[in-house]
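Top to bottom, those sequences are chains C and F.
Quick note: the first sequence uses the UniProt record's numbering, first residue 1, plus one each step.
Quick note: the second sequence uses the UniProt record's numbering, first residue 1, plus one each step.
These are computed hints drawn from the structure, not numbers from a lab.
Do not rely on the hints blindly, as some may be mistaken.
[Claimed, not checked] Dumping the calculated DMTMM-like pairs for lysine to aspartate or glutamate here, alpha-carbon to alpha-carbon at most 20 Å:
(1) K473(C) / E197(F)
(2) K54(C) / D97(F)
(3) K391(F) / D346(F)
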Amino acid sequence: MKQSILSTLAVTAIILSCNLSFGQSTKAIMPKESAELFRKYCYDCHDSQSQEGKLDLEVLSFEISKDIQTAEHWDNILAALNSGEMPPEDATPISDKEKAAFLEELSKRMVVARNILSDSGGEITMRRLNRREYQNTLEALLGFRPDVSTLPDDEETGGFDTAGGSLFFSSDQFEQYRETATRALEYALNSKARPKPRTVRFEGETISQAYIAKAEEKREAFELAKAFLAQAGKPPQDFGFTTPEQAKNVYDNHTYAMAVYDLYFLTRPESKTGTILLPGRHNGPVKRMPRVVVESWYPGGTYKLRIKAASYDTAMDHERYLQVQFQSGKNIFTTLDGLAKVTAPIEDPQIIELQLQNPAGVKGAFRVKQRNYEEPWPYRIDIQWKAKNGAGRLPAVWVDYVELEGPFFNERLQQLPQLLQPDDDQSDEEYARSIITRFATESFRNRTPDPDYLDNLVRYYLNRREAGDKPQKAIIDCLALVLSSPSFLYLIEPRGDSESPVQLSDQELAIRLAYFLWSSPPDESLMAAANNGSLSEPNVLKTQTERLIQDPRFDRFISGFTHQWLDMKRIDMFDFSAFDFPEFDESVRRSAREEVYQTIRHVTIADLPIDQLLKSDFVIVNDVLADFYQLPDVNGSEFRKVSLPPASPRGGLLGMAAVHIMGSDGLRSSPVERGVWVLRHLLNDPPPPAPPNIPMLEHEDAALSIRDLQKRHQEEPQCASCHHKIDPIGYGMENFTATGLWREMEAVKIPPAANAKRSKKQALQYKQFPIDPSGELPRGERFTSYHELRENILNHYNDAFARGLSENLIAYALGRPYAISDHNFATQITTDAAEEGNTITAFIHALVQSEAFRLK
Amino acid sequence: MNKTRRQFLRSSTAVIALPFLESFGFRRFASAASQVTTPPKRMIFLGTGFGVTANAWYPDKNDTGYDYKLPESLTPLARHKQDISILQHLEHANSRDGHSGSTFWLTGADRFAIPGRNFHNTVSVDQVAAAQFGSQTRYTSMHVDGSDLLGHGAGSLSWNQNGKPILGLQNPVALYHKLFSGDSIPLAQRQAMLADERSALDTVLSDARSVKRGLTQTDVEKLDEYFESIRDIEKRIGKEESWLNVPKKTPTNPVKEPSESLEGAPAVEAVYDLMVAAMQVDASRVFTYRLPSDSFCASIGSSYTAHNLSHYAGTERTHDSIRRDQAHARLVAHLLDKLKATTEADGSTLLDNVALTFGSNLRSKHSLDNCPTLIAGGGAGFKQGRHLVMKDEKTPLCNLWLSTLRGSGVNVDSFGDATGVIDELFEA
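Could you build the full structure based on these sequences and the hints that come with them?
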């Protein structure tokens, strides 16, 4: 209960300052008559005896502004009465007159209460670096991206991963930090010189020629099988077979096998200079289909991969891709960079260059193959083609050669080992002290380490040396301890002797700003501005903020913030079967996620108003997504602006595949998920969290349209109270399939009879339903189509969207949940941003320049 | 404990021949063993993350008592029907998160108990037991985490006295090495390593003390987590030191080192075998295991991920979901076989002295009521072989945890939001 004492203290301090600055009433108190209404209508369930929903109105203070918790209780009461949730249907309804009077009193006083409580700015709890920040910070120090996968994922605790109060620490974590840091330092400080970049070329024909040789062997085996079967008496071993069945098998399969070799290699003149590539395995005689695997020769660094390639005229657009994966053991890392569209014809191949990372410390290889489309059932297409041409699917891409150049390293990483070189006349102790002091100061973001602490580290080093460790190993162990110490792991903003919030120092401001916009420590320029004391000047702060936004590291804010703001973890939750969604694959999924980030990035950098996220006449896509959206002439894996034809459903978040994928369950679109998402993230009107333990609507065993299925939501009163607001918005997005393709009809799979034999080859039966996209928004705006839904949200809810962004930015930037006391703060940011054109940069400036951002 | 520790410290500073140390350790172990007239109590908690296929896993609610029909998903446990019980109508009133089958399963905590924080947890039942049982064994408790943890939620099954997660070993190989390897490093070197650890901890503590100055009360509380963590490690080192000269034992039927490549069901089987081996050498008395999810589904030939299966509907996914439950039942049956096959000094079996729970905080899909609960073993004095449906549909799951604790001789006043023990468990 320390918490409540604290809040009381904070409130006392604030009431004083309110008196001085606003001259407003110092308390918000509900009139005594309200107790009468409670007694009459509410005590049945919410008196001290029953306390249903853990609400005891008998003890609830009538001083709304008493503390934040009290105000939250009253806010809940307001919401429950406003929404009609209370009193429940089976209880005596409050007369309209009494209700209106009570609500008016309460809403008025809530505003006063908010004003009173708002100056607290909320207590910011000292926070630990979250996993993303820890990784970025290590990268800034060491010049490479270390593996942090053994650390706990801080997003799992809910809310933003910057919320200090929720970022916990345990003994296991200490050991994980120490181990992660040791491994990273061992890699970074490796005394062996890193290799100079070199180039290795892998010719495609070595692959096709190997298949051709294999075909020759097969032909010989066939002749032997024929000879064996034509005679009797001699055992199969004389012909090179272990059993008669084996010989028979070779004989029977020969035609099929040869058809496959012919199709892919033997009849192709281009086999002499290169090879076709195919994804996955083949269902027929050639088990492993051609791919190019190039081993990297150093565990880490950046590599350039140059591929001379072409695609066949017969290939479909979505097949004309090369996919590059980094493969290490059975773990396969796939990067989006490793996907490239091949458009050149065989006569005139093109050269594709990709930059790829070899994760530090991991031995592995780059694997080039054709983009894999039907991942869950790789054989299906081959089976269909075998019926047509006796062999298999037509190849789509061909590769002349693959060239790997590298490794390239970050300059800092290259220089680090030299820093460990001792000066000539240094003693071992002096050597250790100078390195440790320098490293600790930088790791602690320019704070001077405690002298005792440094002494302890040096002593630790000397002990290790005495025990027989080499200097390098001993120093790595010391530096790993630095990276496991609180001064490194926590963003520390001591308040000193002051009881109430005080201004951040310029250095602290630099750190807070850098972790907000880069999820990384400040760079030299930002630190310099802090060190000369100018950063706290509004203009300098603004210029620096501007600079940070233009820097590539701002991408870390975009992905980190957006992923959490828009609840994007759901995008990875479901598999989509290739049977039902042949156009969808993992590349589409990854590109769809990236589209959201890249669009927000574009809107920010191009200084567009955030309305453009609700509706725009362009999309920011790469080739994969352009193919998926059927937008012509987009080649190359970089995301770029593409103008949309008029009346396109794309443009703005509502038209993005990512949003539709999140609003599905891997089988069908979900108007509920989509409606909730829109309410929560676009309309800033989050519905109450889904009540647990309510059975979900089942849908696989009956071919019903989604509207028919959801009817039950409207029939049951406890569902209808929320779903009447949620589902209609989702209906407006029904023209998008579960993966986000546009559709005019809803195709519903007809489930096979319960006792039917399950077969993967079985053709699927669908029932078609017309889509009715009409519905209504919470303030009553009706729409009859998706386009009208989008238009209505743009015109009537852009203010709500802006406010939602402010509230989320507050929570993310200050590292604490958005609270009722932030109401005026959010209003201020929203208003300031509106005056500056509603750009994302304007929101960020408004927040960074605010008092709350600069207090500790 | 103190005496042992003093003796140990004295011996580690003096030049004493190794054989003496070993015999010292052996004697200590032998004397500890001879003091035990009754076999020790043990606990096993097996968390499945995403719940079960409700229709095929739960017996009919009207079909209770000893003579109930084992449902389809549990048929592999038929030979152990007398030694297991299924409980219905247990739940955590505070649990609200439909994707966390493990996070609060053994704690019953309210995630939002502290205003302004998104996450909060309290000590788990296994750790309450470990605080009492753990002083006798090399490892206070042992924890394994399946390689992929979908459906389990944040952190761990096990949460320490401060409500912070305790990490598990990642695979059966790690468990094997913890149990049976490491003695090859010379004693002096192991002692030096531990001393080294201590000075490393002292070093980071000096930084922690220096940053404490000028922090607000909330910040100081946050920093306390760091201090607590370091203290926990110091305690563990202290314990390791006192066990340094006690050689690790091998069971009479030694377990082979599991292959690195085990995943899914074969990995679970290996972990179960190692748990039994650990009990045979009394390496620990409290075990928790977050069972693998995605790799488990893949290992039984399902093409669906664990999350997809948890939303089972229609024929395909329901079919696979039931197969997954059956595979788990088969593995639990295998574990029970092994527990029955090991005899204690007094003639009872390991199973007679263990309290085993298999289940999750999630029933099926996102439902958190009527948590799937399968119990086995005589450790807590429960009368097994029954299907028990609690009269109150919202009986706190913590009542089972309290019953398990008290029945096993851990005398605690309460646990979580328990309202009391479940009397039926103790009555025939």
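(request) Could you check the structure against the hints above and give me the numbers of any it violates, in ascending order? (result) As far as the earlier hints go, only 3 is violated by this structure.
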